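Trainee: From just these sequences and the hints, can you work out the full model?
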Amino acid sequence: MKPRPDLPADQRALYVGETPPGGQPTERWIDAGAAEAVGYTLVDLSDDWTPYIFAEQTDAGGQPLNNRYRRIFLGLANDQLDEDGEPLPPGTKNYLELYGIFPSLSVLRARFLADELHPCVDQESADALDAVETVTYVAPADLKKDERHLSRIRAELEDARRKFHAATLDDLAVRQPALAAKVKLIEKRAAEKPAMTAVEKRLTCEGLLGSGKNHHQAGVYDDAMRLAVRSFQRKHMIYEANFLRRKTVEALSRSLLDNDYDALVRALRERVVSAAAILEDGSASKTRNLVDDYTKTALDQMGLSNAAAALAFFKRHGADDLKRLRVAVKLPPRPDYYGPEMDLSIVVDRGDVWYDLPFDDKGHYKPQPRKKYPSLTLYDKVGGKQVALARWRTTIGGWRADQASNGYEYFRYKGSDVGPRVIRHVVSGPVWIAPTSTPIRSLVKGKLVNGKWMGIVNYDELGPGFLSAYGLIAGYFVVPGQNGHNDFDNGVRAHGSSDYLSIYSSNGYSHGCHRLPNHLAIRLYSFILKHRHLRVAGDQPMGFSRQFLWKNTVYEMRIPSRGYLYELDPPLPVNVLEGNIMGDQKKPVLGYVPEPWNKYPPGPPPPPPEGADSKAGGGGGD
Amino acid sequence: MRGLSSRRGLGRGRLVVGVIACAALGVVAVALAAAPPTGTPRGGALPAGAPPLPIDVAAPPADKTPSPTVRIVITVLPSTKKAMVFWGKKRLGVIAQHAPLILQRPRDSGPLDLVVKSEGCLPVQTRAYTFGDSKFAVKLTPVEEKNTLLGYREELPPPDAGVPPAEPDAAMP
Numbered sequence: 001m002k003p004r005p006d007l008p009a010d011q012r013a014l015y016v017g018e019t020p021p022g023g024q025p026t027e028r029w030i031d032a033g034a035a036e037a038v039g040y041t042l043v044d045l046s047d048d049w050t051p052y053i054f055a056e057q058t059d060a061g062g063q064p065l066n067n068r069y070r071r072i073f074l075g076l077a078n079d080q081l082d083e084d085g086e087p088l089p090p091g092t093k094n095y096l097e098l099y100g101i102f103p104s105l106s107v108l109r110a111r112f113l114a115d116e117l118h119p120c121v122d123q124e125s126a127d128a129l130d131a132v133e134t135v136t137y138v139a140p141a142d143l144k145k146d147e148r149h150l151s152r153i154r155a156e157l158e159d160a161r162r163k164f165h166a167a168t169l170d171d172l173a174v175r176q177p178a179l180a181a182k183v184k185l186i187e188k189r190a191a192e193k194p195a196m197t198a199v200e201k202r203l204t205c206e207g208l209l210g211s212g213k214n215h216h217q218a219g220v221y222d223d224a225m226r227l228a229v230r231s232f233q234r235k236h237m238i239y240e241a242n243f244l245r246r247k248t249v250e251a252l253s254r255s256l257l258d259n260d261y262d263a264l265v266r267a268l269r270e271r272v273v274s275a276a277a278i279l280e281d282g283s284a285s286k287t288r289n290l291v292d293d294y295t296k297t298a299l300d301q302m303g304l305s306n307a308a309a310a311l312a313f314f315k316r317h318g319a320d321d322l323k324r325l326r327v328a329v330k331l332p333p334r335p336d337y338y339g340p341e342m343d344l345s346i347v348v349d350r351g352d353v354w355y356d357l358p359f360d361d362k363g364h365y366k367p368q369p370r371k372k373y374p375s376l377t378l379y380d381k382v383g384g385k386q387v388a389l390a391r392w393r394t395t396i397g398g399w400r401a402d403q404a405s406n407g408y409e410y411f412r413y414k415g416s417d418v419g420p421r422v423i424r425h426v427v428s429g430p431v432w433i434a435p436t437s438t439p440i441r442s443l444v445k446g447k448l449v450n451g452k453w454m455g456i457v458n459y460d461e462l463g464p465g466f467l468s469a470y471g472l473i474a475g476y477f478v479v480p481g482q483n484g485h486n487d488f489d490n491g492v493r494a495h496g497s498s499d500y501l502s503i504y505s506s507n508g509y510s511h512g513c514h515r516l517p518n519h520l521a522i523r524l525y526s527f528i529l530k531h532r533h534l535r536v537a538g539d540q541p542m543g544f545s546r547q548f549l550w551k552n553t554v555y556e557m558r559i560p561s562r563g564y565l566y567e568l569d570p571p572l573p574v575n576v577l578e579g580n581i582m583g584d585q586k587k588p589v590l591g592y593v594p595e596p597w598n599k600y601p602p603g604p605p606p607p608p609p610e611g612a613d614s615k616a617g618g619g620g621g622d
Numbered sequence: 623m624r625g626l627s628s629r630r631g632l633g634r635g636r637l638v639v640g641v642i643a644c645a646a647l648g649v650v651a652v653a654l655a656a657a658p659p660t661g662t663p664r665g666g667a668l669p670a671g672a673p674p675l676p677i678d679v680a681a682p683p684a685d686k687t688p689s690p691t692v693r694i695v696i697t698v699l700p701s702t703k704k705a706m707v708f709w710g711k712k713r714l715g716v717i718a719q720h721a722p723l724i725l726q727r728p729r730d731s732g733p734l735d736l737v738v739k740s741e742g743c744l745p746v747q748t749r750a751y752t753f754g755d756s757k758f759a760v761k762l763t764p765v766e767e768k769n770t771l772l773g774y775r776e777e778l779p780p781p782d783a784g785v786p787p788a789e790p791d792a793a794m795p
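Chains as they are written, first to last, in the numbering used here: chain Y, 1 to 622; chain F, 623 to 795.
Relax, there's no trap hidden among the hints.
Within a straight-line C-alpha distance of at most 25 Å, the following computed PhoX-like cross-link-like pairs (lysine-lysine) qualify:
hint : chain 1 : residue 1 : chain 2 : residue 2
1    : Y       : K286      : Y       : K247
2    : F       : K711      : Y       : K452
3    : F       : K768      : Y       : K551
4    : Y       : K247      : Y       : K184
5    : Y       : K551      : F       : K703
6    : Y       : K445      : F       : K712
If you're looking for bench data, these hints aren't it; they were derived computationally from the structure. All values reported here derive from a predicted model rather than from experimental measurement.
Mentor: Have a look at this one:
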């Protein structure tokens, strides 16, 4: 295509041509509209990119329909604002990929350029980390006990080594297989010491350890270390608890630039998915992974095949370019079943379901194992046949703490409804209106306000925001109203969630809703909105306030908006399958059940509140 | 006008406020120094059939050139009470009897987490938004009426509740 360097940034696109051996790719600006007309897809790398759910929209008359959260989303992605939309303190970074917000290209560019100068790797550390898969967690309070335990085993093995005339412990393990496990333990723990030192060195070099308020004691997995590991996991989108587990240790052993490259691939993946309006990620069919195929194609065409190429790209394209930068790529054709009005539907399979109480009458925990976990599948009906496009782990409801009208917490089964439903409303930046039965303790958090640490309403959980109980986007399940009646809303939604570990946990339950990691929820609903007829209703102002008491202070929850509404017309069919009912209890228990370890006023528990709000939702999530 | 200055928590930007006493109107206003007066019409109509609102917060303006500041009007209920409004360490101003506190803040500068204190009443933590102009009343609850609030926890009876007091002569020999 003809070079058009004369065009303004919003009319042009970057075309990346061949890379001569040992050289830089040839690049030229072309007419973006002309490129699209001949089958190119424009992948938007601009710093003001958002996924479709936060994109700028207009009403039927062309008037802008502003989304309150768009500004904050962009500020978070660009390391400029915090979750409240206030300026981020200088030098602070938002690592929010696990919450569905990927860094902008400018943020990644700065990361690449800084890390080139401070690679943070040395051979000794690399060897130490390569020697282990994980590093055992020992609580600081248990250090002495753990050391005594290991000393006893060492002494026992040394005695055995002498007794059996073994030259080494490895030799002893061969001669005495019964001791092999203890030998392995001692060797593993010995290898973990230098690995821990390497971890400390790496986290300090990355600026994640030693810069906070908490003092770190060398060799100890203390709070400072836990917070540093948590930041590292967030920076590198690692779904693991805050310990030195396999994926975390693997990432710690890679070079900074290699990790930066992975971050770039993740960020570009979301932009390619958005540009191509695709969803199939191999989760429903291993042979249909458009997300990875298209991302690889785009990376290849952009010449971004490795960390060095990415670094060179960022050196060629400065911050000014990244303000508005679209790249023209030729992606493979989408499957024939694609179109503007796809026959989509959702099926939630609840998997194995337990209604029994999770504890006995003495308060002892009763395990409720599940072999089949809940899943959410998006189907497209093609030629009379349902084709699964994506299938992801999700959550169903279970036993949760609920606050009764007497101010005490009880257990209540908060299940996920079964049967046909529809999604009529999809809300981006949704707000969760905490029901009155939400444990009050979860509705207050500490915050530094104008130089003073104080308790405030936990708006993180209410939203809008990536930590909201409804995540960054929610689809509302309702039973359609018949004969002029309103839809019946029982409070169940399928939504993004910041509580990402609950989704993949064997013990993870919601309050009835179906949680997805935020980035998958964004993909799901962006896809649905782009392939169904809809009306953009826009911001839904509301004047909600509620006061509650916590430790002699009244907290006033004030919610100015429900979020930004998209109305699907026709609504999207949903079916929730009952799943396999496990255990003795075959129906959900109604009413409150006292917690065995709690003390209550005399008499039976108060009746639980009725209404949709009280059924789904609750402290700690939905 | 008296100029004051302070630093926001975590050094997040500089706030310069002035306190204006508008005796004729019975209004106390706290405004950004040198900020232009606002004339932004309040938008954000509510859905039909919505219940009366205790608060009023505008929707984001569709107008492409909204004023750079927003106006926040705070009153208390009952309006006969006098209250002080704090923003972290800083005392922002007083809500006098029948006289609101008016704040001006840069538009979209993030929420203000405030504490409203009035003698004999429980302190109230509330939030003001900066999406648009807003007006709201903070309900004050006398300390002795805290049992009317959501979250109040009934006292547990003492461990020996219901056991009749021992007779004076019932002690063991």
